[in-house]
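*Asks:* Both chains are given apart, each in its own frame, so use the hints to dock them into the complex.
Protein sequences appear in the order of chains D and C. Read in order, the letters of the first sequence correspond to residues 1 to 393 in the numbering used here. Read in order, the letters of the second sequence correspond to residues 1 to 314 in the numbering used here.
Treat the hints with care, as some may be off.
[Stated by the list, open to error] Below are the BS3-like pairs computed for lysine-lysine, each with C-alpha atoms no more than 30 Å apart in a straight line:
no.	chain 1	residue 1	chain 2	residue 2
1	C	Lys93	D	Lys205
2	C	Lys93	D	Lys188
3	C	Lys310	C	Lys238
Bear in mind the hints are in silico, worked out from the structure with no lab data behind them.
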Amino acid sequence: MAIKERMSGNEAVSFAIRQINPDVMPAFPITPSTEIPQMVSTYIANGEIDTEFIPVESEHSAMSATIGAEAAGARSLTATSSAGLALMWEELLLAASNRLPLVLALVNRTLSGPININCDHSDGMGARDTGWIQIYAENNQEAYDNFIQAYPIAEDTRVHLPVMICQDGFITSHAVENITLLEDEPVKNFVGEYQPEEFLLNPGKPIAVGPYSVSNYAMEAKKNQEIALENSKEVILEVAKKFQKISGREYGLFEEYKTQDADYIMLIMGSAAGTAKQAVDDLRDKGKKVGVLKLRVFRPFPAEEIAMALKNCKAVAIMDRCESYNGNGGPLGSEVSAGLFRNKVMIETVNYIYGLAGRDFTVGDACDIFSELDDMIVNGKEVEQYQYVRLRK
Amino acid sequence: MSDYSLKTMMNKPDRLAPGHRMCAGCGATIGVRAVLRALHEGDHAVIGNATGCLEVSSFMYPYTAWEDSYIHNAFENAGATLSGVETAYKVLKKRGKLPEDVNFKFITFGGDGGTYDIGFQSLSGAMERGHDMVYVCYDNGAYMNTGIQRSSATPMYADTTTTPVGKKSNGKMQNRKDLASIIADHDVPYVAQTTFTTNFEDIHRKSEKAIYTEGASFLNIMAPCPRGWRYDTPDIMKICKLAVETCYWPLFEVEHGKWSLSYEPKKKLPIEDFLREQGRFKHLFKKGNEDLLVQFQAEVDRRWEDLLYKCARA
Chain D
1 MAIKERMSGN
11 EAVSFAIRQI
21 NPDVMPAFPI
31 TPSTEIPQMV
41 STYIANGEID
51 TEFIPVESEH
61 SAMSATIGAE
71 AAGARSLTAT
81 SSAGLALMWE
91 ELLLAASNRL
101 PLVLALVNRT
111 LSGPININCD
121 HSDGMGARDT
131 GWIQIYAENN
141 QEAYDNFIQA
151 YPIAEDTRVH
161 LPVMICQDGF
171 ITSHAVENIT
181 LLEDEPVKNF
191 VGEYQPEEFL
201 LNPGKPIAVG
211 PYSVSNYAME
221 AKKNQEIALE
231 NSKEVILEVA
241 KKFQKISGRE
251 YGLFEEYKTQ
261 DADYIMLIMG
271 SAAGTAKQAV
281 DDLRDKGKKV
291 GVLKLRVFRP
301 FPAEEIAMAL
311 KNCKAVAIMD
321 RCESYNGNGG
331 PLGSEVSAGL
341 FRNKVMIETV
351 NYIYGLAGRD
361 FTVGDACDIF
371 SELDDMIVNG
381 KEVEQYQYVR
391 LRK
Chain C
1 MSDYSLKTMM
11 NKPDRLAPGH
21 RMCAGCGATI
31 GVRAVLRALH
41 EGDHAVIGNA
51 TGCLEVSSFM
61 YPYTAWEDSY
71 IHNAFENAGA
81 TLSGVETAYK
91 VLKKRGKLPE
101 DVNFKFITFG
111 GDGGTYDIGF
121 QSLSGAMERG
131 HDMVYVCYDN
141 GAYMNTGIQR
151 SSATPMYADT
161 TTTPVGKKSN
171 GKMQNRKDLA
181 SIIADHDVPY
191 VAQTTFTTNF
201 EDIHRKSEKA
211 IYTEGASFLN
221 IMAPCPRGWR
231 YDTPDIMKIC
241 KLAVETCYWP
251 LFEVEHGKWS
261 LSYEPKKKLP
271 IEDFLREQGR
281 FKHLFKKGNE
291 DLLVQFQAEV
301 DRRWEDLLYK
311 CARA
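Next up, chain C with everything else stripped away, as it sits in the complex (with noise of 0.2 Å):
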């Protein structure tokens, strides 16, 4: 998309309407609109939701934010369900039972503990069984709606509600999950990583990559959390800056299996910018508390060497 125009994209009408109630600043809606602007004027959308904040917020009797066709189920099986709807599409094109110049297209969100965790399974089978659809996860690192727990997706050392940092504790133990590689490994047709950048054309080229590449696909959005990650909320553009900057958050995409970076910092930034911003980190700038940040430097440092190594092996 050489030709990317934010005033263009921005101009497209908006599928998610305002109203919903959802937290100010926050960052799941903000990913949700950038990838329904990517589909294409005239084709329709089933929209899948995992249970959290965003459906709680935008799909409330009687009232929906929605545009498009909706299905809300549970909080473990957005992707099954969503391989129904589109299983569905398939035999009713096939019967003549829909139009044949109507074109659909299968999108689910889901936040981090709907998909990497209590949702993983069924992520796993439908992007298994390769159904037509792309599964985008609003990655806030942790379970957001019922108030900051952990999940497989927090970064170590972040201080949650059932990670908190104590006198014997620094916060989570774990180092996060890596779904992107994971589903990868699944051998699906495309899967990406992104965030906000400045003109948001990262995950506006990569969304409309994801929703008409063939087959399944999987997008990562890292979506800041004014309220789990205690950043003062405007800054919500700086903190996916420093998120990049410190390669904490690498853009990157894989395509039929050829890894390739999207963005590669001059000058990586030291971790310590990205975590200086957020109260969930606050304990690792205590005295006494810096061997913690040179291991979370370690970690991030190992991850990135790895990608690296896997885009310049494709």
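Next up, chain D with everything else stripped away, as it sits in the complex (with noise of 0.2 Å):
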């Protein structure tokens, strides 16, 4: 039986963690994601679950502590936000090759400076490259079904990566919104029992994990884990499919909002994906035949079934809620034009900044990208490839 519930982002996360009962919890406290260390708190307090909760001294140690719990055979997990995430960075990438499939609960808050606490995507953009698989949510459902997918795809024998489930600072982590949740035991049956192969709790079968590895050795070990990130997007789908069972909710790489016979598709990713299918759903009532790519899984990144999913449109508005100070795009707008160009998809792009620390994206926004991208192709204006939105001038 399903359970009709009210919650915020950061209490579905947190009860889907309960459900879960999780070996290890190191956390320490930043804003927006404070709340999960504080709800599991109260549950191991309660008594309702036995997970060992860590209250570390910084998220570098917190990040540090997982790692030791999960390489020692405990399924282990932290959640931190913006300056967190970046103070653990270089743990982020240790998680990552040791092949720990731990995972971290991201709440999306902009980093400094200067500092900020609203909700952009710099924290999850900036550990982009560090090997970790990268899910967003567009609301509080999605972060908490998310989450109930997470480990399952991290523990796979094809995979053994860390998850990283994002979901946006305040917007959906705060908001209170109507949620469905699935009973405890459906929830555990899905996840199961951690089982590692090798850990350093094993008795009679010690392990060494951490080498110094020679140039003759390190550059296999990081394709090796490039291999990983390859084969779990096979394992997301899969995993997603099973879900799909227990809840009836259908999850892909990334959802297409009315974009079969679109000619102008807006590439969005996290909670402005729910301001976007808004302007569709009032620009279709206009006949414009417009949609919306809202992308899922980041990491690893489907280049080419996104290039796929666009080859038909006429133009597409990629949407950066992340500057990248390259002076070309951001992280986004720069991947998905590579991807298209690399699958030979000749289509008009323009990549869109907005949002950044918290700056409001409405539909009326996203209805004037649509119209600009309209008089881009219709009638001939020559548009900014990379522009910001709703920039005070």
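*Replies:* Here is the structure:
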């Protein structure tokens, strides 16, 4: 029986953690992810779960202890945001290179400076080359569903990589919305027991973790990591299929919303996808052929699948909630364009930077973008290929 | 351990295998083998290690010198990493995922750079949270792995590659940090300072106490580095003896807040006896630098008096 509830995104992820009852959770407070360790601590204090919580003295230590616990053979996780993720950066790379299937609940918040607590994707995007799987949610429901799928993906022997489950700070993490939860039992059965093959606490079978590796070996280790990330695409889809059986909810690498016959598609990630969909509905009512491609899995990056999904449209607005200071566009702008080019899909693209540090992104903004694409294609208007939305000039 | 026998200790199987790539005469491996000898036979261990000489020379893929499970994570987080391992043990035991009769101990090694400096916060956190583990610092008084740069454990006036002696420099300008005291102030159940003495009783006894005292323990081992200190390699035992007899490196322990001296020299030797043997202090013996030796002696005396006061108060 599905449970109808009202919850914030942080509550939803904490509820999933309660249902999974993982072994070890080291965490350090930072806005807006703090509620997750708080809620987990409360579940522990009330005897609802018996996870061991480690109140570490920094996020660097949070990820270090999570790595230690996972290598020891315990199913482990942590949660963080923004500067916390930045402080973990070195350890993110080690979690992935040690092939540890741990999970991080990321509540996306902008990176300083200036210091600001609101949402953008600069934290997650800053960690985009650390070897982690990254899955983004549009709302509380997806944050919950994605979290339940995280361990089955991470722990699959074809993958063995850490997974970051991302939701937008405040917009998703703190806003209370309707949600459909699963019962505890099906979640427990779905996630299963963690059975590591090799672990530090295996009596009589000692292992050594974290070697010095000379050039003769290190390159193959890095390539193996890359192969595992490629493999994870298939596993993510398999896990999504199984999840659909218990939840009735369908997930892929991305969601295509009214894109089949669309002339113009907005490619977007996270909570603003909901805003974009509303704009699509409004414009469809006026007879405009527009759609949204909402990217769910950012790592591994489904370049070919995206290119195939976009190949029949006339222009795509690539939406980045992050500046990447390369003078050429945001992270999605660069990667989607490269993916289109490599797959010989030569459509027009415009890269829009929106919503930095919590700046609003409205249905009106999305409608304006669609009409700008239309102006470009129909009237030949010259459009800046890389531009900011709602920037005070 | 009144029935201490060096022979018995030395007959225990080595838990750090030979064939690693550490320098001949390195103090770190002598310290590691001494600490691991204190593990009771039949007990398992997970060894942690901060990045440093010990790590890069003992676990070079695909070889490891460690007989026990071992984890190296990074430079600054040996404390946090092992606290994760120890917590995993607690929860796996609690949930019946490990056999009841299996006993694991948790020991992590770090050089002074990884312990006094970059790993200080992670160490402090692990000690404050009271994980049942031992943090062992092999203190050779500089960043030896990267080529003898000063650390906060480097003694005053030492010639290092980032405090080089020159026309306008007499080496390091600051005194060394007293880390054992700082960790003792964390109120952990056991802290001790040791080095290699003639029959190794001090280090073996303290290691056993550190490993088998419940809660967080800290061992600070002076582990001379022939490259960085520039003494004749076979002289390591002489160097250690002089460090103790001059009271440069006093042997003490702090058990549940109670300070006690493990050894008091009958006649405290002048600090010159310790310094003279080492190339890093050669400049102190040049004409005109007599006052530097006086200052060095004054600092050793001040710290020794402070230690005597702490022990007497207990």
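*Asks:* Hint by hint, say whether it matches the structure.
*Replies:* Taking the hints in turn, this is what the structure says about them:
1. C:Lys93 - D:Lys205: 17 Å, holds
2. C:Lys93 - D:Lys188: 20 Å, holds
3. C:Lys310 - C:Lys238: 28 Å, holds
Of the numbered hints listed earlier, not one is contradicted by the structure.
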